[in-house]
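Undergrad: When the count follows the UniProt record's numbering, it moves up by one through the sequence shown with no breaks and lands on 240 for the last residue.
Take the hints with a grain of salt, since some may be wrong.
What the hints assert, rightly or not - In silico DSS-like pairs for lysine-lysine, Cα to Cα no more than 30 Å straight-line: (1) Lys-83 with Lys-207; (2) Lys-201 with Lys-131; (3) Lys-131 with Lys-84; (4) Lys-131 with Lys-83; (5) Lys-84 with Lys-207.
Just so you know, these hints were derived from the structure itself, not from any lab.
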Amino acid sequence: MRLSFGVVAQFKLVGYELDSEGKEDSELRVISLKLLGLNHFTSYPDLLVHRIMVLQRRCQYGNGEDYFAKNWNEYKNGFGNIKKEFWLGNDKIHSLTNQGQYSTRFDMRNENRTSAFAVYENFWIGNEESKYRIHLSEYSGTAGDSLSTHSGGLFYTADQPNLPSGKDGKTMRSGGWWLNMMPSSSFNGLNLLGTDRIDSKDGISWKTFGGYDNSLATETICLSVRKSKTDSLPTHVKMM
Numbered sequence: 001m002r003l004s005f006g007v008v009a010q011f012k013l014v015g016y017e018l019d020s021e022g023k024e025d026s027e028l029r030v031i032s033l034k035l036l037g038l039n040h041f042t043s044y045p046d047l048l049v050h051r052i053m054v055l056q057r058r059c060q061y062g063n064g065e066d067y068f069a070k071n072w073n074e075y076k077n078g079f080g081n082i083k084k085e086f087w088l089g090n091d092k093i094h095s096l097t098n099q100g101q102y103s104t105r106f107d108m109r110n111e112n113r114t115s116a117f118a119v120y121e122n123f124w125i126g127n128e129e130s131k132y133r134i135h136l137s138e139y140s141g142t143a144g145d146s147l148s149t150h151s152g153g154l155f156y157t158a159d160q161p162n163l164p165s166g167k168d169g170k171t172m173r174s175g176g177w178w179l180n181m182m183p184s185s186s187f188n189g190l191n192l193l194g195t196d197r198i199d200s201k202d203g204i205s206w207k208t209f210g211g212y213d214n215s216l217a218t219e220t221i222c223l224s225v226r227k228s229k230t231d232s233l234p235t236h237v238k239m240m
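With these hints in hand, go ahead and build the complete structure from the sequences.
TA: Rendered as structure tokens:
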């Protein structure tokens, strides 16, 4: 099933539920959520404890190495195949993360099948007017922290290069991502696994897990609720 976009979009495989033993539930549910900034879109049920939403997935599905080298509007609305590789969409990520308190988890695996993860207990992004500015804090995990220095950064694409003052655009990477003066991660870079283009900052990278010597094989970004939208809204909800 391909993603269909617009004000209403189908996301039957975006989310999955974990049972009491932490195993993935094969039964996928669909519900219409009214999100801030959107009318509604079909997604996973209200995000309660033990439920997560997948925001992004990369893997080895035979897509071109530059499959994530999309423009601003594609990252805004989302793209890809939800059974394989996709990006949920910045508008939807903004709407989700501004209706409650959320943590995010970055899972990754290298070509040797070694896995690692990074969790940020607080995560949200601003709206399009703010260039989807990223806010995150409180790292934990096994991959090392390669994203905290990006906090406060604007989202970058080739057609909207929202670069920090003094940053040379010629050194920027392929694929949309939040940038700072010294980028140390990019989950949306080129898929260079199996190529001889080592030591390339253009690849799928997490500096504290493998550096830039090779491109990561698989990775996923997930969102989980810390405080549901039925509770009092967090202080960041009205922030851009």
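Undergrad: Hint by hint, say whether it matches the structure.
TA: Results of checking the hints against the structure:
no.: 1; hint: Lys-83 with Lys-207; verdict: holds, 27 Å
no.: 2; hint: Lys-201 with Lys-131; verdict: holds, 23 Å
no.: 3; hint: Lys-131 with Lys-84; verdict: holds, 27 Å
no.: 4; hint: Lys-131 with Lys-83; verdict: holds, 28 Å
no.: 5; hint: Lys-84 with Lys-207; verdict: holds, 25 Å
Of the hints listed earlier, there is not a single one the structure fails to meet.
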